[in-house]
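Visitor: Sequence:
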Amino acid sequence: MKHFFHITAVICLLVSTLYAQEKEQVGSAYFQAVDEYKTKNYSKSIELVKSLLADGKSSYEFFALLAYNYDKLNDFDNSYKNMLEARKRKPDDEDLLQGSLAILTRHKKWKPAIELAEKAIPMYPQNPEIRYYYALALSEKGASKTALSQIEKAKAGSPSDVRMLELEGKIYYQLKNYDKADMSLRWASSINQNSAEIWNNLALVQESLYRTNKKLGKKNQANTFLEEAKTCIEKASSLNGESNTIKENSKRITALAAL
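Under mature numbering (1 follows the signal peptide of the UniProt record, and there is no 0), the residues of the sequence shown are numbered -20 to -1, 1 to 239, in order.
These are computed hints drawn from the structure, not numbers from a lab. Careful: at least some of the hints might be erroneous.
What the hints assert, rightly or not - Computed cross-link-like contacts, EDC-like style, restricted to lysine to aspartate or glutamate with a CA-CA straight-line distance of at most 20 Å:
| # | residue 1 | residue 2 |
| --- | --- | --- |
| 1 | K88 | D55 |
| 2 | K18 | D55 |
| 3 | K133 | E95 |
| 4 | K194 | E208 |
| 5 | K227 | E177 |
| 6 | K133 | E74 |
| 7 | K20 | D55 |
| 8 | K195 | E207 |
| 9 | K18 | D75 |
| 10 | K99 | D73 |
| 11 | K18 | D35 |
| 12 | K24 | D35 |
| 13 | K99 | D75 |
| 14 | K215 | E228 |
| 15 | K210 | E228 |
| 16 | K231 | E177 |
| 17 | K160 | E208 |
Stated by the list, open to error - Per label pair, the in silico range of CB-to-CB distance:
| # | residue 1 | residue 2 | range |
| --- | --- | --- | --- |
| 18 | T19 | M163 | 38 to 44 Å |
| 19 | L155 | G36 | 53 to 59 Å |
| 20 | Q12 | E214 | 44 to 50 Å |
| 21 | E65 | G137 | 51 to 57 Å |
| 22 | R166 | P105 | 25 to 31 Å |
| 23 | G221 | K18 | 40 to 46 Å |
| 24 | K18 | S170 | 26 to 32 Å |
| 25 | E27 | K156 | 47 to 53 Å |
| 26 | S129 | S218 | 34 to 40 Å |
If you're wondering where the values come from, they're calculated on a predicted model, not measured in any experiment. All C-beta atoms, glycine included, are put in the ideal place defined by N, C-alpha and C.
Based on the provided sequences and hints, a complete structural model is requested.
Guide: Written out as structure tokens, the structure is:
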């Protein structure tokens, strides 16, 4: 799964709603707008949906699609405004709540994301995506232990979702539980070997394990973790050598290994 909620479910629902009214005109224009979204022609997709609205056609799917398009254009205000319009027409819809949380967290609106998730979870307690976004927002606000309990529940519904494993690793790292962080991030790296962020985070965990073992006088174990840190940061650098964060971490870890 990807971090942002896909519109597939919304598209499928349209078949049973819009096709009942002015099938050819509305359906054709809408699905053309969907196609434009899929091919990353977001402005064109917005134009098509707005033309339907201007003709007096109105459906929650239209506003949801506008929200997804604006989100891709990094326009939070218009994105969330249209998502709220969609939710007015279909209150407490599970997909729309999930989509709202995706937009809020992508734009780092942590407080409203937490508030919305706390409303949504009692309604849809088995939805792992909602719990994932809740855990993400909580972790960003420093509530690591609560975030961890939520990500553990989310994993129960989606145990091999790399995003959840990556977030779990970050939370364990925040809690200085480096052994568990190591386990989560290694699992994540085995699923997605092409993520510079995962390899970077795993390098940080190995560096922390090196420092911990060095303080305990466990020189051989410490050196093993340092070599692991070096290997991981090299992988991160090969995947995203332009990242300043990775450059800084690489410089520091390489210097440690050279001592």
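Visitor: Would you mind marking each hint as holding or not holding in the structure?
Guide: Okay, the hints, checked on the actual structure:
Simply put, K88 and D55 have alpha-carbon atoms about 13 Å apart, close enough for the 20 Å limit, and the pair holds. Under the criterion of a C-alpha separation no larger than 20 Å, the hint pairing K18 with D55 is consistent with the structure, at around 18 Å. A threshold of 20 Å between alpha carbons decides the hint, and for K133 with E95 the separation of about 18 Å falls inside it, so the pair holds. In summary, the hint linking K194 to E208 is supported, as the alpha carbons are separated by about 15 Å, within the 20 Å threshold.
Annotation: proposed proximity of K227 to E177 holds, straight-line Cα distance about 12 Å (limit 20 Å). Proposed proximity of K133 and E74 is supported: the alpha carbons are some 18 Å apart, at most 20 Å. A distance of roughly 15 Å separates the Cα atoms of K20 and D55; the hinted pair therefore holds under the 20 Å criterion. A hinted pair counts as satisfied when its Cα atoms are at most 20 Å apart, and K195 with E207 qualifies at roughly 17 Å.
For the hint pairing K18 with D75, the CA-to-CA distance comes to about 19 Å; that is within 20 Å, so the pair holds. Between K99 and D73 the CA atoms are separated by roughly 12 Å; this keeps the pair inside 20 Å, and the hint holds. Annotation: proposed proximity of K18 to D35 is violated, straight-line Cα distance about 24 Å (limit 20 Å). Between K24 and D35 the alpha-carbon distance is near 17 Å, which keeps this suggested pair within the 20 Å criterion.
Between K99 and D75 the alpha-carbon distance is near 14 Å, which keeps this suggested pair within the 20 Å criterion. The straight-line distance between the Cα atoms of K215 and E228 is roughly 14 Å, inside the 20 Å bound, and the hint therefore holds. Between K210 and E228, the direct Cα distance comes to roughly 13 Å. Compliance with the 20 Å bound is thereby established for this hinted pair. Between the alpha carbons of K231 and E177 the distance comes to roughly 16 Å, so the proposed pair stays at or under 20 Å and holds.
About 16 Å separates the Cα atoms of K160 and E208, which keeps this hinted pair within 20 Å; it holds. For the pair T19 and M163, the beta carbons lie near 40 Å from each other, so the given range of 38 to 44 Å is met. Evaluation of the 53 to 59 Å hint for L155 and G36 yields a pass: the beta carbon distance comes to about 55 Å. In this structure, Q12 and E214 meet the distance hint of 44 to 50 Å, their C-beta atoms being roughly 46 Å apart.
Look at E65 against G137: about 29 Å separates their beta carbons, and that is not inside 51 to 57 Å. Under the hint 25 to 31 Å, the C-beta atoms of R166 and P105, about 29 Å apart, fit the expected range. As the Cβ distance of G221 to K18 is approximately 31 Å, the hint placing it in 40 to 46 Å is violated. Against the hinted window of 26 to 32 Å, the Cβ-Cβ separation of K18 and S170 comes to about 30 Å, which satisfies the hint.
The hint said 47 to 53 Å for the Cβ distance between E27 and K156, and at roughly 51 Å that hint holds. Between S129 and S218 the beta carbons are some 35 Å apart, a value that agrees with the proposed interval 34 to 40 Å.
Violated hints, listed in ascending order, are 11, 21 and 23; each of the other numbered hints is respected by the structure.
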